[in-house]
Amino acid sequence: MIRIKPRQGLLELGLGNKTIERLKSWVEHWENRLLVWGLLVLSVVTYWSYYRNGLGLAYNDARSHLDIGRRVVEGLKPGLAQLGSVWLPLNHILMVPTIWNDWMWHSGLSGAIQSMVGFVITGLVVSWYLKELKVGLLGRLAGVGLFIANLNVLYLQSTAMTELLLIVTMTLGAYELLLWHKDETLLHLIKAGFWIMMSTLVRYDGWFLLVTAMMLIVRQAWAKSGYKKAEGVVVFFMTLAALGIGLWLLWNLLIFKDPLYFAFGPFSAHAQQQQLNDAGVLITKSNWLQSVKVYAVALLYNSYTIPTILAGVGMLLLWADKSLSKAVRWSSLALLAPLVFNILALYLGFSVLFIQGIAGNTWFNVRYGIMLMPAIAIFIGFLVDRAKKFRPLVLLSLAVILFFALMGGDAVTIDDARVGSSQKNVSEVSGWLRENATGDSGYVLISAASHDAIIFSSGLPMSRFIHEGTGKYWLSATAVPDRWAKYIIMRTHDKNDLTFRLVSETDAMDKYTLIDTFPFADIYELKPEYWAQLETTIADPEVR
Amino acid sequence: MASDRQNVGQSTGRIKSWLQVLVLIIFSGLILAMSIRGIGGNPTAAEILNKKWKEDGPFELSPERGRFALTYSLVENKTFYFSVPLARFILPDLGYKNGHYVSLFAPGVSYVVAPGYWVGKWLGSSQVGAFAVVALFGLGNLLLIRAIAVRLGADKRAATLGGLAFLFASPAFAYAVTLYQHQISTFLILASLYLLVKFNSWWSLLVIWFLCAASIPVDYPNLFLMTPIALMAVGKMVYYKKSRSGVLLGVKLGRIFTMAAAVLPLVFFMWFNQQSYGNPWQLSGTVPGVEEIDANGNPTAPAHATVDKDDLEKYFDPELQKKSIFGFFETRELVNGLYIHLFSPDRGVIYYAPLVLVGLLGGVWLYRRNPEITVVCLGVVAADILLYSMWGDPWGGWAFGSRYLIPSYAMAGILLAFLLTRLRKRSFGLMLIWLLMGYGVAVSAAGALTTNALPPKVQVLELEKLSGMVQKYTYRRNFDQLLVNNSKSFLFGQEGHKYVSAWQYYLVVVGLIMTGTTGLMVMLRWGGRND
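From first to last, the protein sequence lines are chains A and B.
Counting in the working numbering, the first sequence runs from 1428 upward without gaps.
Counting in the working numbering, the second sequence runs from 4 upward without gaps.
Among the clues, some could well be false.
Cβ pair distances, simulated, as ranges [stated by the list, open to error]:
1) B:Q462 to A:I1520: 48 to 56 Å
2) B:N203 to A:I1429: 56 to 64 Å
3) B:N45 to A:I1736: 48 to 56 Å
4) B:Q462 to A:L1743: 34 to 42 Å
5) B:K468 to A:E1501: 57 to 65 Å
6) B:R429 to A:L1613: 55 to 63 Å
Keep in mind that the hints were calculated from the coordinates and are not lab data.
Beta carbons: idealized from backbone N, C-alpha and C, even for Gly.
Let the hints inform the model, and build the full structure from the sequences given.
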């Protein structure tokens, strides 16, 4: 009802209670659908934008993830064994249904799909989580809005990186854990166990969430029903939740003969960090202050600082809110698992994080700071809802920050991908391969561990490459390279490059011409006089 | 009879109140007069190039030079463009557009101080006259802080102390005695806030919108600092009623039209841009810059320029430069910016005015009386800190303390009044505040009487290499100046130096401020309620 009162100079808009109720139920009915559609459109548009400008494949790791998925379905030795070790397998397994298609592989969409789905679902779950905390529509919109307006989130959801897949599985796990803390129904415990199990198969952050969840469940069950019940509940939970870890240990035992191969093997993060430590650049190892500082800066950069500070206030408000049960408030600690995990990992030397100008001279793994975005979104949503008089101040502050962040294109994860240690501009090497090796059938001997980006960017089919994962092909080619490899790609004189380490023990390199030296690798081609003895068709080397 | 006695009582009370204000004006005016920087005389454009006026004098840094140059140009040369001597005076913060040297600063300050320049010139000290206008605004800010706090329910003595804390115990002191925009911007914010607090009429809204718009030509970021005020003003135009049958959202149409008052300052602003830059929408910060002028008066490359061809071309032909307003504010700078403004030894509030941080606690008590105004005050603080933490140069160049946070110091002054009101019978709390006040006055007076040219810590290493000496980057540099008998105070330079040293002069100023402050605190503690 619109009314004008000319004498008083007033314009009034009246809404009756029935209209308000109808509006409320309409919003509640359509809220999830509108959210899903809105998030989907944003996800697709953002992916397309980063695909067009090439940034979607800027991360070296993204190209490696895609290659791993591809090797499962195509190559000299396709199969599940190509899932390898060190990197947990879920991301690669999810690629299998689509990565057989060359375009899906080389566009990165095969890996980005799970990030995009993760993005959409996380947005939804943030809203659901806030609803369970009795947060109204404005608070929920603020929380979801903060999450989706973050350029780092939008960028990572357009890539084949693991962040969004990890975020969605962890957030779903935390959400189901919240529901279990509210009503203690077994179904929620099972779902929590399932999603946390999935997160343990994405990245090791999920393993820490598992421990956190277990402790929260023990606390709740023990407080409510005593030790015996707690024991039973935890065993029930862990049977499913820890299944992923158990399978992963078994996998490492079966394939690599060592259940801890992923942790201590030659390609593990531990081995990599050991080298950095020996070079004196791992400043966070055994240093709490540096570990906290470095991760805190990564977190602040990823979140634009002010949201993190406001989320801290929201978190304190949540913990002090007596209208929520103690159980619910305790369960919110699950959201903070990534914070503790990352600091711990830096302290123990299992993780490395460089922040240009603060820790190191470059960017590396600064994207780890994005892991707390769901927690920040939820705590801010809560703050917006509860701090009624300060609501305009909070919303205005966030609006100003997001405005400048978007206008300025502030995305530290893109800096990491473009100019940090996570980038590898291998276009010269891969370009040479594409131009010169596309037409023929000679194999390329290359270490996938060192040069997956070259493999990806060359555009050649995986079956053209002999690498560590090709079993006997690799053993034969590194023993007698001139019989198998028309091309060798390696970093000469770098013992970290497995190809160099092995072929330098042969005298075959006299039979190769150095084509050129590039920043990341050198290209060798077999001299024409030896081409006749080359193997150029796929066959079992044992037959030779 | 009883009502007669009441009337007499009220009149006496009002006279007492006015007397208190008068004493405050005289007291604060005296201290400001003792501190204003300057040299006697009406310098010409050629004369002010002398070191006596620049590095050793009142125009030690380019913000003062740039604004004064525009005032000089408007009053003396009747033009928006700078002559070559004036252009040299302003380097390296000089603009260039359509073949003319122009200002890189928002024009508001230059216009506002023009009457002071003119009066000063008539009295034989044009520069002092211009600077005195800024001091008047500083005094106005003190009075407004007091008035706002009293209006909201603070004890009058506490409110006075809040105003004194702002003007004399924070870096606002150092910027009340020279030619910067901060005191004027703060005045516009406080005046709008006072109108919001005291009145609820269409004409007060008219003035508020005018002030909001007028703040933009003074300093562009005021657009953001005024936003909390503007939002509250909008809140006075709309209303919301809940009843058993539903809700009513109303708009007072007459008040909507008060927003038209914003047109006049904006028209002036666009007119200035048109006159100076040939484009009404051109912001001064996006005008091409000149860092050096050759012997023929043409733009040239500075000594530090690289040999890159593209780079050099932009020095010789400045209009090839492309600047964007969004490039000035980067969210990536927030972490560093917050640290610089709050905790760094070269600019941090915790070093220069810790009383400000304590004063913010007064928000707890103001919130109980008036949550809306508390949110507005904190909104101004938030906008101030956020914006300038994103600024590419949070240090403010060579500066004394965090000059960009001066509006926040004013808000903290209001809140401090409520903290003091709450603590007025607690000796320990008052003693703590007195000590912090003393510290703030000691530091700020040193800045006001000597120099604002403190280098950022990041530049100090380079400076040490060049000078071969240890370079200080905190307020210790100011104390060193006093100890070698250096003070830029006009009064000290004209007369004071004949009788006392700079250090003694400084002690007199500090002593005066602390005497007044102590007296007020004693009255607050042991006097009756006075609100």
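Status of the given 57 to 65 Å range, CB of A:E1501 versus CB of B:K468: 60 Å, holds
At the C-beta level, are B:Q462 and A:I1520 separated by a distance inside 48 to 56 Å? 54 Å, holds
A:L1743 and B:Q462 - C-beta distance against the hinted 34 to 42 Å: Holds: the Cβ-Cβ distance is about 39 Å, inside 34 to 42 Å.
Confirm or reject the claim that B:N45 and A:I1736 have a C-beta distance inside 48 to 56 Å. 51 Å Cβ-Cβ, so the 48 to 56 Å window holds.
Status of the given 56 to 64 Å range, CB of A:I1429 versus CB of B:N203: Given about 25 Å between the Cβ atoms, the range is violated.
Look at the Cβ atoms of B:R429 and A:L1613 and judge whether their distance stays inside 55 to 63 Å. Roughly 57 Å apart at Cβ, these two residues keep to the hinted range, so it holds.
Violation of the numbered hints given earlier is confined to hint 2; every other hint is satisfied by the structure.
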